[in-house]
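Trainee: As they're listed, the protein sequences go chains A and B. Numbering follows the working numbering, in which position 76 of the first sequence is assigned residue number 1395; successive positions increment by one, without gaps. Numbering follows the working numbering, in which position 472 of the second sequence is assigned residue number 484; successive positions increment by one, without gaps.
Because the hints were derived from the structure by calculation, they are not lab data. These numbers were taken from a predicted model, which means no experiment stands behind them. We put the CB at the ideal spot given by N, CA and C, even for glycine. Hints are not guaranteed to be accurate.
Stated by the list, open to error - Estimated spans, in silico, between C-beta atoms of each pair:
hint	chain 1	residue 1	chain 2	residue 2	range
1	A	W1376	B	R357	49 to 59 Å
2	A	T1385	B	N522	53 to 63 Å
3	B	L352	A	E1389	51 to 61 Å
Claimed, not checked - With a straight-line Cα cutoff of 20 Å, these simulated EDC-like cross-link-like pairs (lysine to aspartate or glutamate) come out:
hint	chain 1	residue 1	chain 2	residue 2
4	B	K400	B	E51
5	B	K415	A	D1361
6	B	K415	A	E1363
7	B	K724	B	D630
8	B	K521	B	D600
9	B	K415	A	E1391
10	B	K228	A	E1373
11	B	K139	B	E120
12	B	K908	B	D668
13	B	K468	B	E25
14	B	K538	B	D620
15	B	K651	B	D633
16	B	K400	A	D1361
17	B	K468	B	E514
18	B	K838	B	E825
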Amino acid sequence: MVDQENRMIGFAEVESQAWMIARKAAIALFVDRATQQWIARDGEGQFWIVPLVEHPWNHRQPFEPTEDTELEPVPGHYKPMIGVPF
Amino acid sequence: MTAEQGRLDAAREQQVPWKKWGPYLSERQWGTVREDYSEGGDAWNYFSHDQARSRAYRWGEDGLAGISDDKQRLCFALTLWNGKDPILKERLFGLTNSESNHGEDVKEYYFYVDSTPTHSYMKCLYKYPQAAYPYSDLVETSRRRGRQEMEYELLDTGVFDGDRYFDVFVEYAKASPEDMLIQITVCNRGPEAAELHLLPTLWFRNVWSWQTGVEKPVLFAAAENVVTAEDRHLGVRHLICNGSPVLCFTENETNTARIFGVPNRTTYVKDSFHRYFIGAETAAVNPERRGTKVAAHYRLTVVPGGSEVVRLRLSDVAPTALSGGNGKPSQLFGSAFDDLLQQRREEANEFYASIIPASLSPDEANVMRQALAGMMWSKQFYHYDVDKWLEERGSDPFKETRKQAPRNDHWHHMYNGDVISMPDKWEYPWYAAWDLAFHVVALTLVDPDFGKDQLKLMVRERYMHPNGQIPAYEWNFGDVNPPVHAWSTVFTYLLDAAKKGEGDTEWLKNIFHKLLLNFTWWVNRKDRTGRNVFEGGFLGLDNIGVFDRSAPLPTGGCLEQADGTAWMCLFCENMLQIANTLALTDPDYADLALKFVQHFLWIASSMDHVGGETGMWDEEDGFYYDVLRLPDGRAQRLKVRSMVGLLPLCAATTFDGAVLKRYPEMEERLQAFLGARPEIVASIHPPGKLGVAGRRLASILNESKLRRVLAKMLDENEFLSPYGLRSLSRFHAQHPFVFHAGGQEYRVGYLPAESDTGMFGGNSNWRGPIWMPVNALVIRALLQYYLYYGDDFRVECPTGSGRLMTLYQVAAEISRRLASIFLKDKNGRRPVYGGTCKFQEDPYWRDLLLFYEYFHGDNGAGLGASHQTGWTGVVARLMHLFATTTPEQALQLGAKAAVIEVQNPRSSDPVRVTSGT
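Next up, chain A with everything else stripped away, as it sits in the complex:
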């Protein structure tokens, strides 16, 4: 899942050089079923564990995916529910 994302990001980076950046880069949301956790990837490509607490984004913890990590994309509209900014 992660590799596919990175391939798509590489393609988009080439295209974006010709575009005006009108909005901030989006945070992408995933689940890690193995650890039963919400994982977010920010605009800089950094991964974070998003805990189920109040103000979760403020309490995010760094997450380092390994070769065995399988992250399943979750639609962006779940971000408000989880407390992840758009």
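Add chain B to chain A, keeping to what the hints say.
Mentor: Okay, now just chain B, sitting in the frame of chain A:
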């Protein structure tokens, strides 16, 4: 004036919100494009039926026989459990496109029995088996069947054997726009007493989880049998339940543990009722009796042959105020409830008696009424913010990092959030623009205002692309549908003018201006060479062609489409009709009228390529075909005798010459144009030749060609079936068209039933079956020709029978054959139900009608989607037309005859016109 007409008038003139609440739930929200957030756009499998009970929808809601407000904030529907199913019955089940041998298909029996246009009265029936619903059997058996076999239906599973099922009727009656009486009647058709858990369910569509700062609504138990619903936008509503049901509460939130494998954010989730009732998990529902989803649990035991009734009321008035301060359920659900429900039933009867011609038989009247009920029940709140959807799936076109969306990438201007008439709320729970044009022709029988709004909606900036394209459907908004919007606009305008004495010119202008953009899009995008010859792809006729007409040709080159070019001729004619109408009071439109006359002539003449090139008209066969133009310059006609070749006949419209009389200089300019280019009209109908009543005819076909095409069209060995016109000539049963290219054989043979390939999903077939919308266009064209040629033009119908008919009579004959699909024949059987004994013989089934998507080319059996009202509802308009029109009136009034009713046309009295002259 009927009470219902009074409500329609109040809705229009005083903005009384009679239509605010209606049957606006989808029959299927899972498996739709807008709920699809998969990488590859696999909408069917991304959000499955199995997930639907546990996963909150993003864009809309579905439910069984349900209602909602017109922004779908608050929803009400049935939930059922027979004590044996593995899950509650909350929504209709069906097979996905890949699960079924003939494309997606609902596997349930439900019937839209009645509805008034304001939904002041509605009735729906759902047939629920008492045995465990055979989910696995349907999936597994269907998977084993090939395309040569019939579909495996719910009746085939045996689950209805012994009549062990419930007929669950739901009736809604509005006491006021915001006060709804709900009566659920459960009938046990089986031989033994049976238990049913009836769970009328109220819930809020989840809008709070997907955005920050949105106040969450709440449902709570205000009393033992009263639920109060509070929402910032909607206000306060009360669901009052008769009897002593147990109220169970949960949240309309995704069970993330089940769907995503991560712990739930809330204890109570969307599928809690399944766990509570079936899994006996008492902690699954909220003991504080509050949430965003609530079910009132009635445990019924119904004796064999008996029935039980449950009543509820959904109102913006508090219970104490409703009952005059008493608040007792007996006051709310006793005789006052009876009386009001009966009053609304009678008002519905009264309304339909004013619509359905008295000359129709009871069976015919039943067909019309249920067709119109189906049109009403097929209204749905359709919500899709494409820009937001693209953003949520990481495809925001303005984001620094984005990925390509699998579809609709260029439609991010679109915000759809309206009640729209759907083709079929289970199989096609999304709007389709060209379908909608036909829907309006039927809808305007009962609600012209709604029809007008639908046409205007499609050309609004939230729908129409900035480049002028009208959106096709959510699977690909950029696909190309036939341009029938202008035709529907003209019809609706004339109808409105007839009813009110004058037309809504502002509405007409608004749509005309947008259609100018659409016309220009067509001309610039689909005329590849600039020679007025049009492509367009499959153009709604799916597998009708030799090749997939929407894909690159295996031969290279291009396809000059007879249907595409004919559609553009009709588009010109319709735009000319509108320009003429506007020009009568505004000279600025006269110039545009002349433009469309000339453009029609350019396109019509292009079909023959007079001058030696291969044109679409085949003189040997006397028919029109697509032309394959190869890269090396060679061209050949693809001689498939299909609806593609009949559509040029459909591009025919009469004009009374009023604008030319008003603006004589236009006549001079037109004559100068024609005089300078006589070759343009050499092979088409001469535009200057006057017909009956001095009418002019814009037609691709001159009289000679018309007769030759009609000879094939009315030949029972070709197009004319006992049940209407086939989409492909039966000639190809013995003489399939075969084409070889690139070592492959492409074959088109007559196939009267389901498709035998997976082309276009395999769930439609234009190689033989009868399709209502194109039949309706042929009938329209025949009447136009009749207005011009009059009674002196006669043809054999059927060809070779020796029976000569006028074109009016031919049109009436085709309409009669179409209606006969649904009517009992001399053996008491309805062709639509084919060999299905239950539907033909059982008194609890045989008078309930399903309006299928298309029909067997030989025996009229229903095929495809089963609730296509939808464009099959056009049969109601056809039945109405020929019961309220006479040939004499048609010749007298011209096009207005279609919308002006004659009283008792079958009597011997002189013609009396009722309105609008």
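Trainee: Confirm or reject each hint.
Mentor: Structure-based check of each hint:
1. A:W1376 / B:R357: 49 to 59 Å: Since the Cβ atoms of W1376 of chain A and R357 of chain B sit about 56 Å apart, the hinted range of 49 to 59 Å holds.
2. A:T1385 / B:N522: 53 to 63 Å: holds, 60 Å
3. B:L352 / A:E1389: 51 to 61 Å: holds, 58 Å
4. B:K400 / B:E51: The given pair, whose Cα atoms are some 16 Å apart, holds under the 20 Å limit.
5. B:K415 / A:D1361: holds, 15 Å
6. B:K415 / A:E1363: holds, 16 Å
7. B:K724 / B:D630: holds, 13 Å
8. B:K521 / B:D600: holds, 12 Å
9. B:K415 / A:E1391: holds, 16 Å
10. B:K228 / A:E1373: Roughly 17 Å separates the two Cα atoms, so the pair holds.
11. B:K139 / B:E120: holds, 8 Å
12. B:K908 / B:D668: Between K908 of chain B and D668 of chain B the Cα gap is close to 11 Å, so the pair holds against 20 Å.
13. B:K468 / B:E25: holds, 18 Å
14. B:K538 / B:D620: Given pair K538 of chain B, D620 of chain B holds - Cα atoms ~18 Å apart, limit 20 Å.
15. B:K651 / B:D633: holds, 9 Å
16. B:K400 / A:D1361: holds, 19 Å
17. B:K468 / B:E514: holds, 19 Å
18. B:K838 / B:E825: Holds. K838 of chain B to E825 of chain B sits at ~18 Å (cutoff 20 Å).
The structure shown violates none of the earlier numbered hints.
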